[in-house]
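Colleague: Input sequences plus hints: build the corresponding full structure.
2 protein chains.
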Amino acid sequence: MRFELQSGIPVLERTPIVLNQWFKNLGDEWLFENEGGESWSPYYIVGHLVYGEITDWIPRAKLMLEHPNEVQTFISFDRFAQLEMSRGKTMDDQLEDFAEWRIKNIETLKSWNLTDEQFALKANHPELGEVTLRQLLASWVVHDLSHIAQISRVMAKQYRHEVGPWREFMPLLTRY
Amino acid sequence: MRFELQSGIPVLERTPIVLNQWFKNLGDEWLFENEGGESWSPYYIVGHLVYGEITDWIPRAKLMLEHPNEVQTFISFDRFAQLEMSRGKTMDDQLEDFAEWRIKNIETLKSWNLTDEQFALKANHPELGEVTLRQLLASWVVHDLSHIAQISRVMAKQYRHEVGPWREFMPLLTRY
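Chains A and B are the protein sequences, given in the same order. The first sequence begins at 21 in this note's numbering and counts up by one. The second sequence begins at 21 in this note's numbering and counts up by one.
Accuracy of the hints is not assured; some may be wrong.
The list treats identical chains as one, so a pair stands whether inside a single copy or across any two.
Think about it this way: if two alpha-carbon atoms lie no more than 20 Å apart in a straight line, the pair counts; the simulated DMTMM-like pairs of lysine to aspartate or glutamate are [stated by the list, open to error]:
| no. | residue 1 | residue 2 |
| --- | --- | --- |
| 1 | Lys124 | Asp48 |
| 2 | Lys44 | Glu33 |
| 3 | Lys142 | Glu188 |
Treat the hints as calculated values from the structure; they're not laboratory data.
Modeller: Dropping the structure here:
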């Protein structure tokens, strides 16, 4: 399936709504547990999504659009800088932040009225090498979906001992 | 984390709401594609969830509660019988069916006011052997979460070629 704005944008628009319905006022026991070690909790994952809205997807797209004639190099995404930004915020605060930023970012994306020529603009990703604007935008969608899957997995694992023999039918419980 | 009604039920209650927000009026291109071969589309997965509400979780729990003194054997879950039930239904129809059945089933679960003694009731699962009511109910929750993760993965894979080099950062795209 080809990435197109009219099919990609509805998925991007729905992610904060889905997360809000899932987590607003849900008990803390589901928000802060992770998969062990330094792995991420649902709370941390939502913080990561907010941080991506502010520093990653749209700023990178903007950089490409503003320099159509010289290939730019993205600033590395700092996976840990979100800790500072999340300080003192509740899950509900983060869900609201995510929804607000996402709405603003989708408005920006729509306002660009991107052409096929612009979709083909290139940049250098510090770790991945040459990428296009189309790939960036498709990755934004897949990034949302990856983290929804991750959140499901983190929550499911909280019951890994409780399901007993059903564990055999639930590969999600032993995956990372 | 121990399975408890007060933490498990909110997750069960939210699944149809989450799916509704995610898929209601979403374009067909996201509903009917799968991961290749005989794998499941989001439409098929929602049909599977409806079918589970009607034939699996609560009927099995009921069987256990109605025969506290003799261990019952569950009827095998027919993974393909849902095809007949889904015939002619749109995704939105299935989302509504799922929401209605889930509300009804959670009402039933709450009305039982289960005791610790009942949580320990046993049954024979035709493939897994001896299971308890607590394990059945915990598995109901994990089953929801597993299918949310699966739906995310199926959707993500529709852009597997579109993300280009980002594929390296997205293990979901090469997983089953």
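Colleague: Take the hints in turn and mark each one as holding or not.
Modeller: So, going through the hints one by one against the coordinates:
1. Lys124 <-> Asp48: neither (29 Å within a copy, 26 Å between copies)
2. Lys44 <-> Glu33: Close inside one copy (17 Å) and across copies (13 Å); limit 20 Å.
3. Lys142 <-> Glu188: Classified as between; 18 Å across copies, 45 Å inside a copy.
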